[in-house]
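S.K.: One-letter residues, chain by chain:
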Amino acid sequence: MIYEPLFFFNIAKAGTPQPWLAKSYAWSNGGKTITFTMRTNAKWTDGQAVTAADVAYTFNLLKSNPALNSAGLPIDSASAPNATTAVVNFTQSSYAAVDYIAGSTYILPQHVWSKISNPTTTLNPKPVGSGAYTVQSVTGQALTLKANPNYYMAGLPKVKSYRFLYFNGNQAANLAIENGQVDWANTYIPNIDTVYKKKNPKFAVSNTPVAITSLVPNFQDPVVSQLPVRQAISYALDRDTISKTVYNGYANPISTSGLISPNFDNVADPTLKDSKFEFSVSKAKSTLESAGYTMGSDGFFAKDGKELTLTVQVPSGYTDYVQALQIMVQQLKSAGINLVVQGESVNAWTSAFYNGQFQLLMTYQGFTSSPYVYYKTLIGSDGLPPIGQEDTAGNQGRYTNPEVDTLLQQIASTPDVSAQKPSFVQIQQIFARDLPVIPLFQQQNEGTFNGNHITGFPTPDNPYASSGQQQPNVGWVAMHLTPVK
Amino acid sequence: MGALTLNFFLPRLVPGDPVSILIARMSQNGAPPPGERAALTKLLGLGHGNLFVQYGQYLDQLAHGNLGISVTNFPEPVTQVIASGLPWTLTLVGVSTVLSFVIGTGLGALAGWRSNRFLTALAPATTFLTAVPYFWLALLFLYLFGVIWQVAPLNGGYDSSLIPAFDGPFILSAISHSIIPALTIVLAQLGGWMLSMRNMTLLTRSEDYVIAASAKGLTPRRILMGYAGRNAVLPSVTGFAISLGFVVSGSLIMEIVFSYPGIGYLLLQAVQNSDYAQMQGIFLVITLAVLGANFLVDILYGFVDPRTRQSA
Amino acid sequence: MSTIPTTAAVGADNLADAGGRRDLRRTLRRLTSSPQMVVGVIVLAIFVIAAIVGPIAIPNPDALVGPSLAPPSLQFPLGTTQSGQSVLSQVIVSAQGTLIVGFAAGLIATVIGLIVGVGGAFIGGIADDVLNLITNVVLVIPALPLVIVISANLAAKGYTTSIIVIAVTSWAGGARVLRGLTLSMRSRDYVAAARVSGERTWRIVVVEVLPNLLAFILSSFIFSVVFAILTQAGLAFIGLDSPSDQTWGNMLYFAQNSEALSSGAWWWFVPPGLAIALVGTALTLINLGLDSIINPKLRAAVRTRRPRKDAS
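Chains as they are written, first to last, in this note's numbering: chain A, 1 to 485; chain B, 1 to 312; chain C, 1 to 312.
Calculated directly from the structure, the hints in this document are not laboratory data.
This one's a predicted model, so the numbers in the text were calculated from it and none came from an experiment.
We put the beta carbon where it would ideally sit given N, CA and C, even for glycine.
Worth double-checking, as some hints may not be accurate.
Pairwise CB distance ranges, derived in the manner of DEER restraints [to be verified]:
1) B:Leu144 / A:His453: 41 to 51 Å
2) A:Lys421 / C:Leu74: 54 to 64 Å
3) A:Asp265 / C:Val53: 34 to 44 Å
Not close to chain A: a few residues of chain B, all C-beta gaps over 12 Å, as computed [what the hints assert, rightly or not]:
4) Val81
5) Gly85
6) Pro153
7) Phe166
8) Ile171
9) Ala212
10) Thr219
11) Tyr227
12) Leu234
If you only want the chain C side, here are some residues facing chain A, beta carbon under 7 Å, derived [stated by the list, open to error]:
13) Leu64
14) Ser187
15) Gly239
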């Protein structure tokens with residue numbers, strides 16, 4: 001909210017990025033060069049103009065300080081031929097990284113930062129930014145921001161000040177939210193309809209899904225790597241009941257293509273867009289039977305004398321997941337599958353996840369405005385570290401399909417969505433056929449807004465941004481909210 | 001020295017490292033970009049040298065009063081982080097510990113000294129309070145006072161719209177935010193003090209000198225205040241000094257329930273983030289507090305009861 | 001937590017009374033004459049029966065048997081959880097897990113305390129110094145934060161982790177008390193006599209010392225159990241326990257995280273906490289009963305109460 005990127009990429013609805021500090025961008029040189037055209041009226045909070053030189057300075061700073069280059073952008077050089085034109089060159093084609101380049105690189109003021117000797121560790125108590133808000137006060141419990149009176153976007157921001165509160169945990173935060181003390185929050189609230197929405201007619205819950213919740217099978221495992229087992233699990237799950245019981249129905253159904261909707265509707269396969277996962281205990285059983293499994297006397301299937309027992313790992317702290325899994329245990333039991341839930345600390349779980357030491361694992365993936373990044377991290381196997389090494393790049397289940405990788409490469413070779421779409425359609429069909437992960441639903445992403453005080457927030461009907469508070473989304477939403485008089 | 005060494009190695013004995021935790025946290029908002037891990041490792045200055053080199057650096061820094069940089073509140077120094085949490089914990093838990101000791105010991109002495117139906121009935125009640133899970137009681141109170149009756153603030157150490165300062169509104173706000181947490185601590189600790197004091201008083205009553213005093217016609221009140229009470233309270237004083245040492249650490253769950261900005265919460269934060277520096281710093285403060293309290297016990301004992309100066 | 005040293009402190013002065021060879025029948029009569037003991041044993045017995053019979057009678061307490069968050073009714077005497085499970089079934093079945101963790105951790109902690117405390121005191125010399133140092137270090141480190149650090153990083157699988165973590169961090173208090181008692185006993189005439197007559201150390205410990213320490217060991221054990229149950233509940237509450245374990249602590253964790261209280265579902269939150277409190281109270285009452293057996297003066301004083309009141 002203090003510093004800003006060049007464009008706003010909407011993770012709730014992919015499409016044309018909105019101009020932020022820059023007006024437009026253009027690719028050239030086969031994706032190795034991007035040229036930004038800057039606004040002319042943007043100013044830093046100390047009164048100096050935001051120029052293309054600041055953009056060039058920022059990208060050069062990333063290049064010379066790998067510690068700041070968190071996206072690992074292959075920056076070759078950056079320059080500012082004039083005050084409104086910034087040119088960034090890359091060592092390789094970077095069409096697919098445009099979200100990172102333009103959407104999450106925060107432009108810094110050269111005249112301030114060039115005087116800081118160690119930019120990685122210096123505390124900056126009075127930051128000079130370009131954003132709609134400036135820091136008013138910081139205490140142990142709250143960060144207060146006030147509106148920047150000279151902001152360059154006409155009529156924005158409308159809310160005069162924001163106070164961000166720190167809480168020791170979800171419970172404490174939720175109590176405050178439920179009592180109307182917080183005007184905008186983005187936490188998981190159980191029974192949200194009862195404990196929040198019904199309390200006041202103006203309390204609003206805005207659910208804009210930005211991720212998928214799924215069971216990730218490990219393809220190194222001899223059991224869950226078999227398609228019939230994954231299919232049987234999928235058939236045995238009554239996803240609607242889980243969503244209703246645990247999430248008050250806010251976890252929307254997901255199509256069999258695994259694509260989040262409406263976020264990525266622009267590349268959706270029309271034949272799969274409205275498809276739903278089928279719930280059928282009898283089909284679960286028949287799938288297993290035709291795969292050679294036989295029902296044992298204890299009510300569980302077995303093959304070659306081995307009972308169909310699956311272990312799923314989950315962080316104990318993710319109580320909604322644990323509850324959902326407890327219900328899945330009962331549902332899978334009726335289909336003859338013995339699911340064992342293993343709760344662990346987040347640290348242990350993270351380590352198991354990244355190192356591929358699991359059979360099944362419940363997690364969520366998404367939070368991107370790019371369907372390419374979405375599928376790449378979900379099922380792409382190109383460029384992953386070898387098996388046995390820690391994998392933070394995605395596809396931790398290690399689904400390997402050269403066809404998918406080729407399609408992803410084709411998508412990355414062009415910035416043109418209409419040229420990408422046929423490849424996206426093929427990937428979706430492979431996904432629906434292969435079940436590389438077992439999708440459960442679209443992860444609920446409830447923003448709670450106290451309509452007595454604010455309006456103009458993103459809604460499922462008007463998803464101009466996510467209702468969540470992740471950067472830089474929070475800054476974009478904050479300046480578009482309107483106070484209620 | 002042993003404690004210092006332990007403070008260093010203990011957090012490191014556990015698997016998991018801060019970089020993985022940070023990456024995991026970022027991945028909650030989308031897959032972290034490919035270069036993130038290397039970038040963070042450099043940023044946090046981790047991974048230089050083996051454990052023993054790090055240990056040497058730790059001791060060296062410690063000697064200079066430097067506890068390192070917090071990962072959780074990067075890049076704030078740990079000393080500063082602790083300094084911001086310590087006053088809250090010390091004030092609230094300190095005051096509640098003193099209150100529960102004074103009230104509990106007083107009630108215990110009375111219960112042991114005279115037969116009173118009210119006090120006799122109180123004993124099982126306090127036993128029950130001692131056995132109740134603290135957080136359960138605290139949450140019930142929070143719900144009743146904060147949500148149903150709305151007479152107490154829900155969370156925090158002060159109203160978030162205020163900026164900490166020594167002025168009227170801030171202090172008033174801090175006090176009103178501390179009443180329910182303090183009440184729960186007092187209630188939870190009361191029973192222990194009361195029982196121990198009651199037992200000691202009963203035992204002291206049958207001592208020869210008390211019987212002699214009462215035979216000489218001294219009033220029970222005078223005997224209790226002048227002679228018996230002083231002896232009976234001795235073990236409680238020891239317990240009190242020890243519990244003062246645990247004031248810093250004993251309030252962890254209270255701080256979580258009430259979202260109170262103290263040391264306990266900082267520790268939980270550090271654990272969740274594998275923040276070695278912050279963990280070490282807090283363990284150091286806790287250790288110092290307990291050692292200080294033990295020292296206090298020795299001095300107090302010397303004063304109150306010279307007989308006990310023998311080595312145990 | 002601060003109540004642990006109390007009994008021992010009371011007992012130390014009165015070792016001689018408990019030390020004599022006791023008449024078993026008289027002890028039994030004393031036991032049943034203590035109303036605290038009787039009530040404690042009855043309440044505890046009810047829960048032990050639930051712990052044994054419960055899991056057999058209710059094989060699947062997680063079964064989805066009813067609507068979400070149904071209030072108490074004839075069909076579901078304690079209502080249902082958010083997932084539609086019977087709260088009563090879960091409370092009954094969870095007695096087993098809770099008591100297993102409590103008693104196992106308490107037992108291990110007591111055994112460690114016994115070995116370190118009694119063993120050290122009897123062997124003496126360097127071994128004693130080392131063991132005593134270890135005891136003091138463990139005492140200084142606050143238990144709950146330590147438990148948190150350890151469990152945050154262990155893959156929690158079943159009860160074993162909780163049991164070990166709790167036991168390893170909670171034995172020191174008992175060890176210190178038992179060491180003190182053993183030291184004072186070592187100088188007793190009958191022990192000295194046994195030594196002079198050339199009996200082996202282990203024999204002296206087993207035949208002469210342990211029987212006389214039995215009441216204290218039992219009392220220390222009971223405190224450890226209460227402590228372990230409360231610690232487990234606390235751990236579960238912070239979310240550091242395996243969520244698939246059936247314990248009251250985990251029930252509370254789920255109830256709390258589903259905002260049972262805010263949703264008006266008190267029937268989900270209150271019963272598990274009450275169950276913990278009742279078991280804790282029962283155990284504490286048993287300990288109070290034991291106290292009055294170890295210290296006849298506690299009872300004598302009660303009996304002489306009436307004449308004294310007349311005098312005043």
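S.K.: Each of the hints needs a verdict: does it hold here or not?
M.R.: So, going through the hints one by one against the coordinates:
Range check, Leu144 of chain B to His453 of chain A: Cβ separation about 27 Å, and the 41 to 51 Å hint is violated. Distance hint for Lys421 of chain A and Leu74 of chain C: a CB-CB separation of about 60 Å, consistent with the stated range 54 to 64 Å. A C-beta distance of roughly 57 Å is found between Asp265 of chain A and Val53 of chain C, which places it outside the suggested range of 34 to 44 Å. With 12 Å as the threshold on Cβ separation, the claim that Val81 of chain B sits away from chain A is violated: the shortest Cβ distance comes to roughly 10 Å.
Taking the minimum C-beta to C-beta distance to chain A, about 8 Å, the non-interface status of Gly85 of chain B is violated against the 12 Å cut. Distance to chain A contradicts Pro153 of chain B as a non-interface residue, since its nearest Cβ pair spans about 10 Å, not more than 12 Å. With a cut of 12 Å on Cβ distances, Phe166 of chain B stays outside the contact zone with chain A, its closest approach being about 14 Å. With 12 Å as the threshold on Cβ separation, the claim that Ile171 of chain B sits away from chain A holds: the shortest Cβ distance comes to roughly 15 Å.
Once the 12 Å rule is applied to beta carbons, Ala212 of chain B is consistent with being away from chain A; the minimum gap is 56 Å. At roughly 52 Å, the least C-beta separation between Thr219 of chain B and chain A is larger than 12 Å, which holds for a residue marked as non-interface. No beta-carbon of chain A is positioned within 12 Å of the beta-carbon of Tyr227 of chain B; the least distance is around 48 Å. Every C-beta of chain A lies more than 12 Å from that of Leu234 of chain B, the closest at about 38 Å, which supports listing it as non-interface.
Interface restraint check for Leu64 of chain C: the shortest CB-CB distance to chain A comes to about 5 Å, inside 7 Å, so the restraint holds. The beta carbon of Ser187 of chain C is not positioned within 7 Å of any beta carbon in chain A (closest approach about 49 Å), and the interface hint is therefore violated. At a threshold of 7 Å, the smallest CB-CB gap from Gly239 of chain C to chain A is about 4 Å, leaving the interface hint in force.
When the structure is compared with the earlier hints, violations turn up for hints 1, 3, 4, 5, 6, 14 and for no others.
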